Structures are given as C-alpha cells and as structure tokens.
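**Student:** Letter by letter, the chains look like this.
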Amino acid sequence: MNAELSSDDLDFQDEVRRFLGSELPDDIRGRVESGGRLSKEQHVRWQKVVYERGWAGVNWPRQYGGTGWTPVQKHIFEKECARAYAPEFISFGLKMVGPVIYTFGTDEQKQRFLPSILSSDTWWCQGYSEPNAGSDLVALTTTAVRRGDHYVVNGAKTWTTYAHRADWMFCLVRTGAADVKSQEAITFLLIDMTSPGITVSPIITLDGAHEVNEVFLNDVKVPVDNRIGEENKGWSYAKFLLNHERTNIAKVAISRQRLSQLKSLLLVTPDGLGGFLSDDPAFSRKLAELEIELKALEFTELRTLSALSTGESPGPQSSILKVCGTEVAQRIDELFVEAAGMAGLPYRPDHYLGNAEVDQAGCVESYVNRTPWYFNNRKASIYGGSNEIQKNIIAKTVLGI
Amino acid sequence: MDLSYSEEQLLLKDSVSRFVARSYEFNRRRDNLHSSLGYSAENWALFAELGWLMIPFDEEDGGLGGSAVDLMILMEEFGKGLVVEPFLATTVLAGGLVAALGSDRQKGDYLSPVIDGAMQLAACYIEPDSRYCLSRVTTKAVRDGGGYVISGKKCVVLNGGHAENYLVVARTSGDSNDQSGISCFIVPNGVSGLSVDNYRMNDGVPAADLVFTDVRVPESSVLGAIGDGFKALESVVARATFAACAESVGIMDELLNKTVEYTKTRKQFGVPISSFQALQHRMVDMFIACEQSRSMLLMAACELDQGSESSLKAVSATKARVGQAARLVGQEAVQIHGGIGITDELDISHYFKRLTSIENLFGSVDYHVGRYMSA
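Protein chains in written order, with full-length UniProt numbering: chain W, 1 to 401; chain C, 1 to 375.
One chain only, chain W, in its complex shape:
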C-alpha cells in the first residue's frame, strides 16, 4: 500500500503543469481565482485550447477523440487544473451526453454530435427536472407522441442550466401509455434548441446570476433519428449517465485550492486588534477541522481511484463522495464569508457578473465575489440528486435497507 505517484505519473504531472503554465490565458485564470463568473466566450476559448492539445475528452475513450488516460492520469489532470485556477469544463456535453452518445448512440449520431462536443462548438443543456418532477424525477410529464418520422414534444423543463447558451438539449420525455410502469415509459431525445415551439425563460438565482432557466416545449418536432437507443428505454440511459464517472464528483482538488487560497487571505485580513485573522485561535480551529475533513475526503477519493486503477469495482465508499464533497465545499464557502467580515457585505455585480478586474493584492477586493458565490453554491447539495436523495440511495444500495 502506498499513496505515491509512479515516475511515469510524475512525468505526466510535469507535462500538465507546463501546459497549464504556458497556455492558460491570464484573464480566464484571474476570473476563476477571484471567484467571478466566466463568460461563454471564456469557457469556449479555454476548452478550445485544451482541445487543440488533444485533452478535452478527459474521460473519453481514444476511439472517439478522448485521451484514453488512466484513472490516475485523469485525477492528476483535474488536480493540476484546480491548482492553476483553470475553469472546470461545462459538464453537459463532455461529461454527460457525450458518454451517453458514444455508449448507446448510432454511428451516425456519434459522427454527428461527438466532434463538436469535444471542440466546444456545440453547447448542450440537460432537460431532466420539471416543475413537478424534481427529486422524484420519474414523475416527469413532458410527453412525446410519435407522428411518422418524428416525435411531437409538449411540456416544460426547469432548472435548465445554460439553456440560454445551449445549441442542443438532451431530454427525458414520456412516450409510453399512461398505465405503463413509470420508468419503462421514458425516452431519451436530443433536441435542437432552435426548433420552433421552444421558449427559454430565465430564472435569476439568489446571487443575481442568470444560470438556470425554464424551457417550454410546445408542439416541438423532433426527428426519430434524434432518439438515443430504444423508445421507452430512456431511464436506463439516464441512470447510466448519473452513475458515470463519479470519481471527480467530490471536487477535492478545487476545495483544496480554495482552502489554501483562504489561508493566504487570512494572512492579510485584519483582525481588528492590529493583527491578522490567521492568528485568531477560534477561526484557525474551524479551518483545521475542515482541513482534516478534506484530507479524509481526499483519501476516500483515492481509495476509489485505486480500486478503479486495478480494475476493481469502486467500492461502497464512493457513494459518499457527492454528499461529503458538497458539504466540504459549502463549509469552505461559509468560512470565506465569515473571514470577509464587513468586506463580505457589498454586492458588486460589475465584479461578480461582469468582467471588472479584481485586484488580488487588496484584501477587501479579493473577498468581493465570495458572498454571492456562497449563495450560488447552495445549489451543490441540491443538484444532481439532492444530498437527502443521495442518502436514500446509500441506505438502499450500500446498507441494504
């Protein structure tokens, strides 16, 4: 047993560091470091740089233009990206629909959709949740009725992240008769967002950002060729997607980088007594306990990684990564807000939503985006199956209840 990287992996780590050091644009790095929001142009520009290097398909098999990396290499890449303040890739294409298409799609679908996902020329959004189907996703009521070579889709989706920026949506719709068992009446469709009958309506979140939307579908025609796999089998593809690539779900590398950023900030944050917050025993203690929790999470993730590397199943501990990862991340958010003190009160949309430069050297300025981010990131324990749903799943699948 050892937690060391092999010399090949260390070489790989160097290669990734060199790449990030020379290729990550300053404006993009600065936005991530300051906790501000990135524009679509910045996301696309960065993914194209990575794509040119051949690394955009981190988790994808080589035959579809992916890296074919080992689990440890993927882990190193994600860790180094976090360390360098590179933005996370938008997951809907690369991590969600891409794997569904290369696993269950037809050859025609693969050729048509996969290249532009990798190059970031096509943006995707996820049409899962509905106003009355949240945690109980299978209760969704958006319907698709077959008419010759296409479906006619009617209904409403909600919490659709980046629907306003997306070219395509992967969507769960109800196709079976009303008396069919719910899971067996769902179909997985790919819908062109420019189709007539689609209306996207913004939902502004508590931090003032426009990230999520309602999407209304009114007699939207979707060619049958845009269906993934078989009709009424959509639930199994959706489940595959939910279970796909759980290793980075804990976002350990990002939490670690943010914690170290917070520690640096404390060194220059006045404590009001002529010293700095880094000397405050009560605050230091909270920080230490959080750091220990993060260390535990890191090794829970490494245990999963180690099992995957040797071809074993990821093990029951992998089921806790989402719950623990979001809890740790949200506690870090809280500590940023606590540490900010009065500097956490002003809301500066020009910094947070816009592109105003944030001066990292000035203490007050470097806290400016932290409170909106704290508010925004309350989403982390809600999306992708709320933490309560995660616990239901763990109780059922791991504890056998």
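There may be inaccurate statements among the hints.
To be verified - Cβ-to-Cβ under 10 Å is the rule here; a few derived chain C residues that face chain W:
1. GLN9
2. LEU256
3. VAL260
4. PHE287
5. GLN324
6. GLY370
Said to hold, decoys possible - Chain C regions said to be covered by chain W (calculated; three or more residues, Cβ under 8 Å):
7. 274-283
8. 300-310
Claimed, not checked - Not the full set, but computed from the structure, chain C residues with beta-carbon under 8 Å of chain W:
9. LYS264
10. ILE288
11. GLN292
12. ALA320
13. ARG321
Read the hints as simulated data drawn from the structure, not as lab findings. Just so it is clear, the structure is predicted and the values come from calculations on it, not from any experiment. Every residue gets a Cβ at the ideal spot worked out from N, C-alpha and C, and that includes glycine.
Use these hints to put chain C onto chain W, whose structure you have.
**Tutor:** Coordinates of chain C only, in the frame set by chain W:
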C-alpha cells in the same frame, strides 16, 4: 499509487477475522474479561504461536518487520471482536519502548519474551496532572550510588496489574514540562516501594495506578540514554494512537452493521424500523463517519510507512477525525437500538464503552486538533 492490501495482508486479515469468529463468542469474551487476569492466557499463547506478537518488531529484533498497514489490519479485526488481550499495552506500547530504546541485552531480556508470549509488560507514562502531554513528567529518578531512586505517581497504566515489568518514564533533569531530561527505566513488578492499585476501566479492561516511593533500581535498568527518551516515547505513543484508531474503526464498522441488521428485524407500528427515513439517514451518517475514518487511517498508515516527517501530524489528524466519528457512531448505535441498546446484556453497550475509552485514550479530539494545528 495503490491503496489495496497485498496477498499477505489479506491472509493476515482473514486469519485474525477467523480467530475472532471462532474464539470471541460474546459470553466467552465476557467470562475471560471477568477472570482475574482480565483476558485469556490461552488466546495470548495462540497470538504468539500465530506470529502476531512478532508483527510490529524489526527482523533483527526477532520480529516480522511489519508495516503500519499490518498493524492496522490486526487492530481493526481486534476491534470488531472487542478483543481484550493486552496487545496494545504489552506489544505496541511497552514492547515498542524496549524496541526503540533498549540495548541488545535488554532486548534479549525483555523483548524476546514479549514476542514469545512469555512476558507481560506495561508502560507507565501518564501522571495525575499530565493529561495528554507526554513531556509533563514529574516522577523523579535521582541518581544514587550505582543506580537510581524513583518517586512519583503514574495512572491509568494499561495492563498495570499483571505486567511482570514496567517501563517507567521519569524525569532525571529539567523542569516538569521539558522534553529533555526524560528517561525510561525497566522496573520489576513487586519491587520494594512500589504500590499498585488495580481496577477496571469503564470498558472492563484492567488498568492500574502506581505509586513509586523511593524505588531503587540498578544502573542496568536504564533504557536508552539518560535524559534522552522523549522522542522515542512520542513516536511509540503515536504508533499506539494509530493502532487505537484502527481498533476504533473496527468497532465502528461492527456497530454500524449490527445497527442496520437490528433495524431490519425490529418491528414497530407493524413495519421494520429500517423503513423509517429518519433512521435511514442517521445510519447513512454513521456509514459516512466510518468511511471517512477509514480513509484517515489509510492516510496515516501511508505516512507512517513512508517515515515522513509529517507522520505525527497525520496521526493527530486521524485521531481527531476518528474521535468525532466515534462519538457519533457510538451514540447513534445506542439510540437506534433503543432500550436494548442501554443494557449490559447486549454487546452494543460494550462496543460503545470501548469506543468511548479510546476517544480519550492517547488524547481527545480537541487535543489532537490542537496538535495538528501546531505541528
């Protein structure tokens, strides 16, 4: 990077687990614990025969040169069975001190018989006002002629009643909190001037308080260099702390499994209580606590086996996290069992009491968070 067990380690795990299944039926354990010795001499002889007492020691000292991972496997399985044989006291703590500080001759006299299962030892390093601080030593050893005279009090000495020899930490120079001036002596049980007050701890395990009144020991009883024992004490106690964390993780796993099984069979309101979401989520929280603790244990094992400078910090982080988990898992196991959980009859309360002992043994959560911060 590979966090899996080797073939040999899987065999060891299987062997200890089979021993526990075979020899640790709950009532039999209780009889052994309630005997005057407090454990089974037969089991101890078996440990020696199976080579388990060799595991922590170097090959040149007659051991197996086992790693921290090996120690962890052994202690975790011991935890699952609530094993009461004094492996932690005699082998890890006292044996560890002899291995770290002893001369070849002392190792021949005191370590070889420990490895053979023929001798019991106990380490005396905690004092009434030392709390968890290892350098807080007020017991004095004063040079007198060809030997030393030891005076002072030691408390909660694990295995203190039946040890044939004591490893006594005493101050030979410096102030009461100095790290220098701490020395280690081997003192036989029954020596003139030594009084031993035997008792059981809350978990039923035997311990003792010792009073040394002008106890005379010869020069040959000094272990290691005079005044230079602190570093060895610190590293031996760190390893014992790690071992106790592994025992806790074994106990917590067992408590979780037993609790889950109980809720599946216990019916109220006409249904198994496992169907209640309020209980399901609490058991998931127990599971999370167990898994995060196990992750810390693996982290500390890797650091110890690498001999890295941060290994003391890693052990403190582990003890702190395991202590938090132990509080949660122990209390929840009792609560979810309801009335039967607070009886002496059911094993749950015994796991809970042992877990609670370990929570304070070698330092509480607060103490270890503090050490983590200052390391």
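**Student:** Against each hint, give a clear statement of whether it holds in the structure.
**Tutor:** Do the hints match the structure? See the list:
The beta carbon of GLN9/C comes within 8 Å of a beta carbon in chain W, closer than 10 Å, and the hint placing it at the interface holds. For LEU256/C, the interface hint holds, since its Cβ comes within 10 Å of a Cβ in chain W; the closest pair sits about 8 Å apart. With its C-beta approaching chain W no nearer than about 5 Å, VAL260/C sits inside the 10 Å limit, and its interface hint holds. The restraint placing PHE287/C at the interface with chain W holds, with a minimum CB-CB distance near 6 Å, inside the 10 Å limit.
A least Cβ separation of about 8 Å between GLN324/C and chain W falls short of the 10 Å threshold, and the interface hint therefore holds. The beta carbon of GLY370/C is positioned within 10 Å of a beta carbon in chain W (closest approach about 8 Å), and the interface hint is therefore held. Look at the region 274-283 of chain C against chain W: 6 of its residues bring a Cβ nearer than 8 Å to a Cβ of that chain, three or more, so the hint holds. With 4 residues having a Cβ less than 8 Å from any Cβ of chain W, the region 300-310 of chain C passes the three-residue criterion, so the hint holds.
Restraint check, LYS264/C versus chain W: the minimum CB separation of about 7 Å is within 8 Å; hint holds. Because the beta carbon of ILE288/C sits about 5 Å from the nearest beta carbon in chain W, less than 8 Å, this interface hint is met. Nearest Cβ of chain W to the Cβ of GLN292/C: about 4 Å, under the 8 Å cut. The hint holds. Look at ALA320/C: its Cβ gets to within about 6 Å of chain W, closer than 8 Å, so that hint holds up.
A cut of 8 Å between beta carbons decides the hint on ARG321/C: the least distance to chain W is about 5 Å, and the hint holds.
Checked against the numbered hints above, the structure breaks none of them.
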